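Quick note, the sequences are listed as chains A and B, same order. The first sequence begins at 1 in the numbering used here and counts up by one. The second sequence begins at 148 in the numbering used here and counts up by one.
Among the hints, a few may not be true.
[Unchecked claim] The calculated label-pair distances, taken between Cβ atoms and stated as ranges, are:
#1 A:Arg-139 - B:Ala-199: 38 to 44 Å
#2 A:Asp-98 - B:Glu-203: 22 to 28 Å
#3 A:Gly-130 - B:Asn-154: 39 to 45 Å
#4 B:Asn-213 - A:Ala-83: 42 to 48 Å
#5 B:Leu-204 - A:Arg-84: 39 to 45 Å
[Stated by the list, open to error] Quick partial rundown of chain A residues pointing at chain B, CB under 8 Å, derived from the structure:
#6 Ile-30
#7 Asn-33
#8 Gly-34
#9 Leu-36
#10 Val-86
#11 Glu-90
#12 Asp-98
#13 Leu-99
Hints were generated in silico from the structure; no laboratory data involved. This structure is a prediction, so every number in the text was calculated from the model and none was measured. All C-beta atoms in this analysis are idealised placements derived from N, C-alpha and C, irrespective of residue type, glycine included.
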Amino acid sequence: MEDKSEEVKAQKATIVVQSGDMDKLYSALIIANGCLSMGMEVSMFFTFWGLLRLKKGGLESAPLSKMHFLGLGKWMIKRRMKARNVRSLEDMFQDYVDLGGKVLACDMTMEIMGVGPKDLREDLISEYCGVGTYVNEARDSELTLFI
Amino acid sequence: MSEIKINVMGETCPVPLVEFRKALRKAEKGDIIEVVGTHPASKKEIPMAVKALGSELIEVSEEGENWKIRVKK
Numbered sequence: 001m002e003d004k005s006e007e008v009k010a011q012k013a014t015i016v017v018q019s020g021d022m023d024k025l026y027s028a029l030i031i032a033n034g035c036l037s038m039g040m041e042v043s044m045f046f047t048f049w050g051l052l053r054l055k056k057g058g059l060e061s062a063p064l065s066k067m068h069f070l071g072l073g074k075w076m077i078k079r080r081m082k083a084r085n086v087r088s089l090e091d092m093f094q095d096y097v098d099l100g101g102k103v104l105a106c107d108m109t110m111e112i113m114g115v116g117p118k119d120l121r122e123d124l125i126s127e128y129c130g131v132g133t134y135v136n137e138a139r140d141s142e143l144t145l146f147i
Numbered sequence: 148m149s150e151i152k153i154n155v156m157g158e159t160c161p162v163p164l165v166e167f168r169k170a171l172r173k174a175e176k177g178d179i180i181e182v183v184g185t186h187p188a189s190k191k192e193i194p195m196a197v198k199a200l201g202s203e204l205i206e207v208s209e210e211g212e213n214w215k216i217r218v219k220k
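Using the sequences and the hints given, assemble the complete structure.
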């Protein structure tokens, strides 16, 4: 049973994930999981290239923002990460959901890209929504980021 | 009251912090959580999380690169 008393006055963080690059997804998820671990509530709003990473197999196929070199750079970075025990994006995402993080999917991006809920990782997504939901979350957040 | 042990030896950011938080969420009030690890920053950051979450830090000890943190929920 979870003790709710510790969460009484939880501060909040809202992160817009617009990028679909692997390195930026790492930054977003590490910060988000750090916030959750230190007692904050977190909402991540996935839009545009970020939203596409919520497609089935999307996390695995994220390229590096720099030095991708047709996948060679990514392969090298992943090898170095593995050697240093850095968790995969998939595992970090699972941690995020397990710790109670919310995943908001931008419905306008879904329309533009022709993506339906069936194409996405419905196991991770908490809500399909628009900018109003983001503003509502962000307006009482102590920490807001655009990644 | 039970004692929960977590081993995050060799794990890096943010794993020790996240695993500690997962354990704390599952723990009952009064339970003791013991974390052992090697990631240097986590030795400072887990106590910060303990404070932010209103739990009680019992002990932080180290031996070489290894550290041990004990917390009471």
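Results of checking the hints against the structure:
1. A:Arg-139 - B:Ala-199: 38 to 44 Å: Since Arg-139 (chain A) and Ala-199 (chain B) have Cβ atoms about 22 Å apart, the given range 38 to 44 Å is violated.
2. A:Asp-98 - B:Glu-203: 22 to 28 Å: 24 Å, holds
3. A:Gly-130 - B:Asn-154: 39 to 45 Å: 44 Å, holds
4. B:Asn-213 - A:Ala-83: 42 to 48 Å: Hint violated: Cβ distance 20 Å, outside 42 to 48 Å.
5. B:Leu-204 - A:Arg-84: 39 to 45 Å: For Arg-84 (chain A) against Leu-204 (chain B), whose Cβ atoms are near 28 Å apart, the range 39 to 45 Å is violated.
6. Ile-30: This hint holds: Ile-30 (chain A) lies near chain B, its Cβ roughly 5 Å from the closest one there, short of 8 Å.
7. Asn-33: 5 Å, holds
8. Gly-34: Status holds, d = 5 Å.
9. Leu-36: 7 Å, holds
10. Val-86: At about 6 Å, which falls below the 8 Å cut-off, the nearest Cβ of chain B leaves the hint on Val-86 (chain A) intact, so it holds.
11. Glu-90: 14 Å, violated
12. Asp-98: This interface hint holds because 7 Å falls under the 8 Å limit.
13. Leu-99: Where the cut-off is 8 Å and the nearest Cβ of chain B is about 6 Å from Leu-99 (chain A), the hint holds.
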